[in-house]
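Chains as they are written, first to last, in our numbering: chain G, 1 to 354; chain L, 1 to 275; chain Y, 1 to 260.
Hints were generated in silico from the structure; no laboratory data involved.
Virtual Cβ for every residue (Gly too), placed ideally from N, Cα, C.
Treat the hints loosely; a few may be bogus.
[Stated by the list, open to error] Lysine-lysine pairs mimicking DSS-like chemistry, simulated, CA-CA at most 27 Å apart: (1) G/267 x Y/123; (2) G/51 x Y/47; (3) Y/154 x L/166; (4) L/188 x Y/123; (5) L/166 x Y/123; (6) Y/154 x L/188; (7) G/47 x Y/47; (8) G/314 x G/47.
[Said to hold, decoys possible] To be clear about the criterion: a stretch of chain Y counts as covered by chain L if any three or more of its residues have a C-beta under 8 Å from a C-beta of chain L, and this derived list gives those stretches: (9) 41 to 49; (10) 78 to 87; (11) 188 to 195.
[Unchecked claim] Facing chain L, according to a computed beta carbon distance under 10 Å, are these residues of chain Y, among others: (12) 28; (13) 92; (14) 104; (15) 118; (16) 152; (17) 163; (18) 176; (19) 198; (20) 217.
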Amino acid sequence: MKKFLMLLLVGCLALGIAGCGSGGGDKKEKVVYVYSWGDYLDPETLKIFEKETGIHVILDEYDTNESMYPRVAEGAVHYDVICPSDYMIQKLISNDLIQPLDFTKLPDAKKYIGEEFFKQAESFDPENKYSVPYCWGTVGIIYDKTKVTDPVDSWNILWNEKYAGQILMQDSARDALMIPLKLMGRSLNETDENYLQQAKAMLVKQKPLVQAYVVDEVKDKLINSEAAMGVVFSGEALIILEENPNMAFAIPKEGTNFWIDGWVITKDAQNVDNAHKFIDFMCRPDIAVMNFDYLGYSTPNIGVKDLEENETYKNSPIAFPSPEVYSGQETYKYLGNKMDEYYNKLWMEVKVDK
Amino acid sequence: MFSRGIRNILLTPFLIWAGLFIFIPLIFIVWYGVTDYDGSFSLKHMGLIFEHGFWDAFELSISLAIISTLICLLMAYPLCLILTERQRDNTTIISLLFILPLWMNSLLSTMAWQTILEGNGIINQLMRLLGMPALQMINTPGAIVLGMVYNYLPYMVLPLYIALTKIDRRILEAARDLGANYWQTFTKIILPLSIPGAISGITMVFIPALTTFVISALLGGGKLLLIGNIIEQEFTFQYDWHVGCALSVILMIFIVLNMLLTTYFEKSHEEEDFK
Amino acid sequence: MKYLQKIYLATIFLFLYAPIGVLIAQSFNASRYRGHWTGVTLNWYEKLFNDARIADALSNTLSIGLLSAVIATILGLITCVAMKELSRKWRATFLSVTNIPILNADIVTGISLMLLFMGIGLKLGYVSILLAHIVFNVPYVILCIMPQLMALDKSFYEAALDLGASPFKAFTSVVLPELRPSIFAGFLLAFTMSADDFIITHFTKGAGVDTLTTEIYAELKIGIHPEMYALSTLVFFFVLIFVVLFAINRRKLKKYEEVF
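Build out the structure end to end from the sequences listed, making use of the hints.
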């Protein structure tokens, strides 16, 4: 027993020291601290970057914009590059947590990132000073062709009682309220409390028909035909279609959310030069195509389609939609603390309703 | 056991520790809980518990936590009794086998329960094979309770098992020699001696069951909101420390009251022993 | 009666191991999506062994788990022993204080510890995760040890003192062996709590220091990599073998003791 305990202790200490060694990091090394969504980059691209530039990438990952924010806002770690979504970029700008980019150091971003995406990004980054788009997509309805007989072209179908218990909705205030707002013909950045209350009432009315409010598990459920239809992001739709051939994806005619995740550099970045090099590297078409293949999320990089070898991806109207699908669509804006709170409370009232 | 001096020396590390890592964070939380955004004293965030249906969520959380704690206790007690009664040599390995599931990541095993309970899940596929109608199991309060029991049962088993193994066999034999039947030995000796272990177990099951939000999201389909979900939403989506902390303080007060009640119960019980 | 007992044990066994069976099956599933069976593969195991990130995360998880459990067990044990000597009122107060870290929602503990570490100028990294894990491990250790310590018969200890043993010697040779099961239980719980925690780790970790749980949560958006199922399966069997060997070893030891 004693021997065993001693061994255990020695083992602990050895592991502990090893852990400290690997966690400490060498300061003299050329580094860049990247904080991005989990699994949002092909790990191979990082190896190429390190080889070409000699800059060591320290990658940290988060699971939601919201769990990223406190760590950046409080300066827990001095990250250099982050990859938040649209409204979160605006929140970071308005709270003075990110710095303007030096576009002279980003030649590939200027060359390869589509004009229309910079234009769309103006809704959260008015002068395109702070961010370079990395991924984008829309939100639509994915449905089982064997179960859904009505045409799917409107958000209305989510209120159709025929599909009671067969509907999956997104579990987040903005994504849930966006749908009734669009149905009413309002903006998804609506701030008029009357309309928001109406939107909430519609969601309460819909609740008995909903099988579950889901986040990431929506993919697994739809691949297994757990539900007849669900509200999903286009990147998720691509994965589901690949695994379950009974499914089809549609973007409702009332309009939808056009989301963009972009690279930004934090205010207190310690390696600003390296950060620019990293962002520019991510905009190179040969790298962007690797990331696209890894992720399956649409890319704003205009160089990718020519390099893409996978024919199903290349011809997929979901991965590379025609411009009319997304032109005129809205992007989430940061509506300020007060309005965020209002949305959140409405959503919780929907969820607590019996 | 020791002199006062040694006792105080032994207490110092914990006091320093508690000061740094228990009290400072606690002060943070209470301070945020009772102040408004401008830093002035205000109980309005605490009052939020009565709005937006939060109270319903609170009640639901408490009832689900009580139900799962009771089920854990009812499941674990006979289990531990059986394990302690059997041949001692084998019990170590068997009892370790009942702890082993703890070592699987709880998120992964909760997701595995989804696979088992879903409409097209393993149980329903078996039912279909047997020609029986499918059951609606996932996205119900029952599924949440099941998830809680699964995740927290080992926390009940461990302290109970230890309390029961530590009961001196000779006392039980003596009781039997004096003519006590099984039921009498159980109620007069085993049950009272196992109460401290049971209370530890209840604490370790009830508290996490009350504050969980992952289980309700994955197995309850997000349609049932628990107090843990609300606090989590306030902190993450809202980054609103004042409301989040205020609700946490209410939850803490509730748990502390409960613990005081149980220690009171334990105390009166101990005194009974001495009579 | 014996029959009923066996059925009861088997039922609980089935309940506890059903999801583990699912996870093990999942690790051989060709599809990376949950519950979507498309054939058998060993692909994920191969990938697992080539993944340096997972290896790093595993070693961090193990070392943080073991270190935090050892330190928490020692701190918890010392505190328990001292608390036994307090008056009943003080003991009750102390016990409620020790429980505070587990009363809060994890996210509250996580963010407040992050701010505290930053406040005292501790660089977030390996050490901060370790400290945070000790914070929430100590209460579980105390909850395990305290009931048994309270039930302990003082007379043996006093007899040892009467026979001339020093308090320390009397403690280590009389009290400690009696407490062994609960110390072991506390250690076990502490280690598992540490290995399973996500939220507190997320907020107190430094850049580039990951544990298995932070890796798993980060994968949620794109879908959990089945390498994680493969790893869980391996860990499960590793621990299972360890437990069996441990038990066999103990039995042998006992026989050995009986002979002499």
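**Prompt:** Which of the listed hints are not met by the structure?
**Reply:** Failing hints, ascending: 4, 5, 9, 12, 15, 17 and 18.
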